[in-house]
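So the sequences go chain by chain: A and B. Per the working numbering, residue 657 is the first one in the first sequence, and the count goes up by one each step. Per the working numbering, residue 5 is the first one in the second sequence, and the count goes up by one each step.
These aren't lab readings, by the way, just hints derived from the structure by calculation. Bear in mind that the values here come from a model prediction, so they are computed numbers and not experimental data. Some hints could be false.
Here are the simulated DSSO-like cross-link-like pairs (lysine-lysine), alpha carbons at most 30 Å apart as the crow flies [unchecked claim]:
{"no.": "1", "chain 1": "B", "residue 1": "Lys64", "chain 2": "A", "residue 2": "Lys996"}
{"no.": "2", "chain 1": "B", "residue 1": "Lys64", "chain 2": "A", "residue 2": "Lys940"}
{"no.": "3", "chain 1": "A", "residue 1": "Lys889", "chain 2": "B", "residue 2": "Lys64"}
{"no.": "4", "chain 1": "A", "residue 1": "Lys722", "chain 2": "A", "residue 2": "Lys710"}
Away from chain B, derived, C-beta distances all over 10 Å, residues of chain A [unchecked claim]:
{"no.": "5", "residue": "Pro676"}
{"no.": "6", "residue": "Asp677"}
{"no.": "7", "residue": "Ala744"}
{"no.": "8", "residue": "Ala813"}
{"no.": "9", "residue": "Gly814"}
{"no.": "10", "residue": "Ala849"}
{"no.": "11", "residue": "Ser857"}
{"no.": "12", "residue": "Ile858"}
{"no.": "13", "residue": "Thr868"}
{"no.": "14", "residue": "His869"}
{"no.": "15", "residue": "Leu872"}
{"no.": "16", "residue": "Leu891"}
{"no.": "17", "residue": "Ser899"}
{"no.": "18", "residue": "Ser947"}
{"no.": "19", "residue": "Arg1049"}
Here a beta-carbon is modelled for each residue, glycine too, at the ideal position from N, C-alpha and C.
Chain residues, written in single-letter form:
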Amino acid sequence: MTTRDSPAHPQFEPGSFRDPDTRVFRYNNEIFRCLTSRALDDWTRLASTEFFEKLTQEGKLVRTQKVTDKSELPKLNPKWAAVLKHEAVPFISYPYEWPFQMLKDAALLQLDLTSAALDEGMTLKDATPFNIQWVGSRPTFIDIGSFTAYEAGEPWAGYRQFCNQFLYPLFLQAYKQVRYHPWLRGNLEGIEAAELSALMSIRDYLRPGVLTHVLLQAKAQSRYNAEDRDIRKDLRAAGFGPSLIKNNLRHLRRLVERLEWAPSRSVWSEYGKEHGYRGEEVLKKYEFVRSVLTRRRWSLVWDVGCNTGTFSRLSAKHADYVLALDGDQLVLDRLYSELKREGCQCILPLVVDLADPTPGLGWKGLERRQLDDRGKPDLILALAFMHHLVIGRNIPLAEMVEWFARFGADLVIEFVGLDDPMVKRLLRNRTGQRIAYSTEALELALNEHFGSVTQETLDSGNRTLYYAQARPNGG
Amino acid sequence: MLIRAKKEERLHVNKFFYAVLLAFFVSLEMPVEAYLDPGSGSMLLQVLLGGIASIAVIAKLYWNRVTSLFTRKSAPKDSV
């Protein structure tokens, strides 16, 4: 931007600065994208393609239309030649919050879009998972500004980025059994070829894709990236064409499709079978939560520590959208696969450790927003969860309740007593420590930060459910 | 009346001034073909990943390098 925006001008989304030809802003809860004249040419071309119409219908591209009457919008710098309006996604999420299968499906969508675009003389400027968002279990591509005319002889501009941000994280998890989430959260640019190459053993060289996409690419980068030679010009002169890119895309698609991450179990994946409930207690708990859910229609429910997603599914019947949050990737990977099979578009599974929720990242710490800035819940379910924070992670009970209260949402929270097998497991090596963990401490904190509190103790006396209503002034 | 006319005149001058200023700043923006650096090494590797169609491109790439060496050497001689 060369001129300063006056207050009447739109506030651009802090994450939309990378491509100078388009910027995104939110106005009256709607999403708009400004285009320069160059980007407008690309849009006009895109709108006339067959794949755009088809993939929009299938929900793989975000619904977009050109704004014809700009008088209702804030004043725009004359460098913007046109404005598009996008359909908003219910909740923004990032690749470091997606379980393996979600990143894999996002990668396949990126490849399919690039291939479809090439068939009609277009390509994409980049290949980053941040351009893909979710409507429940359906991935949808949101960066319409990424489509541009393909110029003869050009290589695929997004290949390296595709490797760094999709392929290498998937390799890391499928081949090395290492979670990619901390890596992607630690570096928004993804994993470099040289970094992944250093982790690969000789045995890994034989795994599909490692020799070419990792080792050779690392070698090629160290040999040529510092050279002044105009590789683009060389390739154009040598007759590089879209058929080579299509072959690479086809090979990558097969490769990604076959990647699997299949650990047999994680700490919490057997919870459904092992949890310490008696049969009738499960029903009572279910009824208690249902009685809260049926009080009204909820717009956004957070089910924290969702595990198998039983209560996320129950919530989805009474809410517009549900976040199924858990720190355990395996349970969410399974939940996502089930939801995808069912075609569910109202539950979004995200890998989030609430003791360390996703922070703001990137330029100014605002490019990728922190979890609680992306949509406030009006109901939080914390069922069989608080002992993981209070005992497992030493978060003081009162601070946990205060954190929940900050959202201004109603809260259903379950207290699990010291006789529960999971609580015993958490406490087994913690002898001699004093932890404030009791129904009395919980009730005190709830009464301090919430409005009316109702409760029900399950038959065994070891589990108590609370429904705490938000204070009208937001607590 | 006179004051209003003067105000309008000033507004016109202001608009003109800002238009010139904007044009000046826009002209300062550096035009770039692509905002993302695809990486020279990664671009070259794509030739190898292109399947059978690669063979002709690789051959031509080498051939062009050989001939470019030749033409580069001869260019200064011509200019002397």
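query = For alanine 744 of chain A, is the shortest beta carbon distance to chain B beyond 10 Å?
reply = Holds, since 25 Å exceeds 10 Å.
query = When you look at the beta carbon of leucine 891 of chain A, is every beta carbon of chain B farther off than 10 Å?
reply = Answer for leucine 891 of chain A: violated, closest chain B Cβ roughly 6 Å.
message = Would the hint linking lysine 64 of chain B and lysine 940 of chain A be met if the CA-CA limit is 30 Å?
response = Since the Cα atoms of lysine 64 of chain B and lysine 940 of chain A sit roughly 74 Å apart, the hinted pair is violated (cutoff 30 Å).
task = Measuring Cβ to Cβ, find out whether serine 899 of chain A lies farther than 10 Å from everything in chain B.
result = violated (5 Å)
inquiry  = Would the non-interface assignment of glycine 814 of chain A survive a Cβ cutoff of 10 Å against chain B?
reply    = violated (7 Å)
message = Confirm or reject: alanine 849 of chain A is not an interface residue toward chain B, with every Cβ-Cβ distance exceeding 10 Å.
response = At roughly 8 Å from the nearest Cβ of chain B, alanine 849 of chain A sits no farther out than 10 Å, so the non-interface label is violated.
query = Has the given pair, lysine 722 of chain A with lysine 710 of chain A, been kept, meaning a C-alpha gap of at most 30 Å?
reply = Between lysine 722 of chain A and lysine 710 of chain A the Cα gap is close to 18 Å, so the pair holds against 30 Å.
key: isoleucine 858 of chain A non-interfacial with respect to chain B [C-beta, more than 10 Å]   = holds (21 Å)
task = Confirm or reject the statement that serine 947 of chain A sits farther than 10 Å, beta carbon to beta carbon, from all of chain B.
result = holds (52 Å)
key: Minimum Cβ-Cβ distance from leucine 872 of chain A to chain B exceeds 10 Å   = violated (6 Å)
inquiry  = Please check whether the beta-carbon of serine 857 of chain A is more than 10 Å away from every beta-carbon in chain B.
reply    = At about 22 Å from chain B, serine 857 of chain A clears the 10 Å cut-off, so the statement holds.
key: Consistency of the no-contact label for aspartate 677 of chain A, given chain B and a CB cut of 10 Å   = Non-interface label fails for aspartate 677 of chain A: nearest chain B Cβ at 8 Å, not farther than 10 Å.
Hint check: violations occur at hints 1, 2, 5, 6, 8, 9, 10, 13, 14, 15, 16 and 17; the rest are consistent with the structure.
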